[in-house]
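Quick note, this note's numbering runs 2 ahead of the 1-based positions in the sequence shown.
Worth flagging that the hints you see were computed from the coordinates, not collected in a lab.
Beta carbons: idealized from backbone N, C-alpha and C, even for Gly.
Hints may be right or wrong, so weigh each one.
[As the list claims (entries may be wrong)] Here are the in silico distance ranges between beta carbons for each label pair:
1. 204 x 81: 30 to 38 Å
2. 619 x 538: 18 to 26 Å
3. 317 x 371: 24 to 32 Å
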Amino acid sequence: MKELSADALDIFFQKIPMGVAILNRDMTLRTFNPTWAAYVEMFSGVEDIRPVVGMSLEALFPGADYGLRPYLEKAVDGETVIVDALPLDNGTETFYWNNRILPLQEDGRITGIFHVITDVTRRKEAEIALEKAQQSLLTLMDSLPGMAYRGPHNDLREMELVNDGVTELTGYAPGDFVAPARVPFGRIIHEDDRKRVTADLAAAVQEQRPFELLYRIRTAGGELKWVLERGGCLVADDGNLIALEGFVADITDRILAQQLLEQRVVDRTRKLSALYEVMAVAAEQRDLKTILAEALSWVLKAVHGQSGAIHLLDNQAQSLHLVAHEGISSAVVQQLDQLSPVVGLAAHILAAKAPYTSDDVSTDVMLTQLAEAHIHAFAGLPINARGRSLGILSVFRDSRRGFSDGDVALLASVADQIGTAIENARLRRENERLLVVDERNRLARELHDAVTQSLYSLTIFAEVNQRYAKAQAYDEVITYSQRIGETAEKSLKEMRLLLHNLRPSILQEAGLVDALQQRLDAVEKRAGITPKLLVDAPLSLPPAIEKTLFYVTEEALNNALKHACATAVTVQILRRDDLVTLIVQDNGTGFDVSQMKSQGGMGLAGMKERAELCGGDWQIQSDDSGTKVTVCLKLGSVIEEDEASRSLIDLL
3 MKELSADALD
13 IFFQKIPMGV
23 AILNRDMTLR
33 TFNPTWAAYV
43 EMFSGVEDIR
53 PVVGMSLEAL
63 FPGADYGLRP
73 YLEKAVDGET
83 VIVDALPLDN
93 GTETFYWNNR
103 ILPLQEDGRI
113 TGIFHVITDV
123 TRRKEAEIAL
133 EKAQQSLLTL
143 MDSLPGMAYR
153 GPHNDLREME
163 LVNDGVTELT
173 GYAPGDFVAP
183 ARVPFGRIIH
193 EDDRKRVTAD
203 LAAAVQEQRP
213 FELLYRIRTA
223 GGELKWVLER
233 GGCLVADDGN
243 LIALEGFVAD
253 ITDRILAQQL
263 LEQRVVDRTR
273 KLSALYEVMA
283 VAAEQRDLKT
293 ILAEALSWVL
303 KAVHGQSGAI
313 HLLDNQAQSL
323 HLVAHEGISS
333 AVVQQLDQLS
343 PVVGLAAHIL
353 AAKAPYTSDD
363 VSTDVMLTQL
373 AEAHIHAFAG
383 LPINARGRSL
393 GILSVFRDSR
403 RGFSDGDVAL
413 LASVADQIGT
423 AIENARLRRE
433 NERLLVVDER
443 NRLARELHDA
453 VTQSLYSLTI
463 FAEVNQRYAK
473 AQAYDEVITY
483 SQRIGETAEK
493 SLKEMRLLLH
503 NLRPSILQEA
513 GLVDALQQRL
523 DAVEKRAGIT
533 PKLLVDAPLS
543 LPPAIEKTLF
553 YVTEEALNNA
563 LKHACATAVT
573 VQILRRDDLV
583 TLIVQDNGTG
593 FDVSQMKSQG
603 GMGLAGMKER
613 AELCGGDWQI
623 QSDDSGTKVT
633 VCLKLGSVIE
643 EDEASRSLID
653 LL
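Produce the entire structure from the sequences given, and follow the hints as far as they go.
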């Protein structure tokens, strides 16, 4: 390599951006470059100072030498001294200089000192700013309610950096997770979530995308927490993963609130569904005992009751009778079979017309009789309808979990529906009773209008016939004798019909088909009418259906017998699934249907009312060839027949 000339070295010395000076052992200036001179002019403290060869250190820095003398003295002793980022203040700004101080050796001895300085102010300011930013970041990270981290990607999840917030989150110190980790973070992830989290994190790293993970951790104290981890991949320019950075936050309260909300939605849906089922059951036209049992079963499921009971007042309000129960032992059933409506808890509920609840039966003085029945919580609600007390709905739990306001509100709604069902049953029973009274009145009218008039005519004809016989007017005697015979025959038909109608047990004893056949044999066949009964399949119908079909058939046959001058009648019963169809057809003279409907004659209104009472359809067609009556009934819409009574207990 070619050596530089003296001139080249001098140029380099003058132009180099570093300050360079040589001092003698006595700290006087031997030589220096412009950069070093500018350094002295900036920090000397002497106005308009110009460094010159031979000036002493005290002259250059009369106020202070910024601690240089000790370093210079070390160099005189043969030591190399390096001082990085020495701060120097010119009164307005602070600058930072790197100092390199070396001994100058000539002929084997130290004759002076090399002083080399470099301005590193910008670098130092950047370092200070970075340090402040890092400190702010660390302060922020430590104040966050969670775990900020940086670490490599591996199954153990050992970390390089963890903030102090990890202690509040996990109960572990930050150092427990830093490699080599005493407790790797991956180990505290719940075992049921660990495999999924590992797979999801691996997929995010593979695609070098941000990730969001929801899972559970087990803290140092054994507590289970839900956490949400959000992070990303720190990737080098060459595409290789440097580290994972992210934050893990505790969202246990949010998850529990969400689960509670979801549970409340499920509970509300379950309760509304139960209320709907109870309303549907209460609206059905079935026997009251079945309705009460099903309603009680639904409400127990809705409020998680283990047992329950329904009591109804008797007709004189002297006793509450147990009419439906579920989940109650036989011993408790005996205790609850009859309750007094004037003393005790039952009297309190009926008088207050408000719910009564108890979270602990064993300490409730109102429920002492149930203290040994393994029942802990109780809810009792009055059953009312139209402002009248009908009974009490009772629900029991064998756990100490009391009934919430929502439970009580649901039970109150159910009690109202039960009251509606009871009132509907009473009204149906009253309607049945009125129908029986109406039927008796109708038979009385027919007896008066038909048979009585015929018998009166017979007495007149007999009296006239006697007078003609005494007068020996035999032609007239024959005529009136014929009229007596015709009237007697007509009266006989009417009496047979009335006697048949006065046999209410025939339908219950023989069933619909046999009852109709007996009617046709006893009345139509004896009257000279050819009857025909057609049934397409064996029938097993509810009592209300049979009664309605029998009534309509009798009414149609009566019309054919009395008014149509028919010689043949056909009764046909068809069943297709839940649809039953009755057809009664005769070959009589027929009549004007529109006129008879407007006048309400021939029992048409009664037939129509009976059919509609069972939710069915009724039609009539009539012309010169005869009359046809058709009734269609659906089995699912009928009212079950019971004995007429106004007592709630008798309704069962």
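Quick rundown of the hints versus the structure:
Our hint of 30 to 38 Å for residue 204 and residue 81 is violated, since their Cβ atoms are close to 56 Å apart. For residue 619 paired with residue 538, a C-beta distance near 19 Å keeps the hint of 18 to 26 Å intact. Evaluation of the 24 to 32 Å hint for residue 317 and residue 371 yields a pass: the beta carbon distance comes to about 26 Å.
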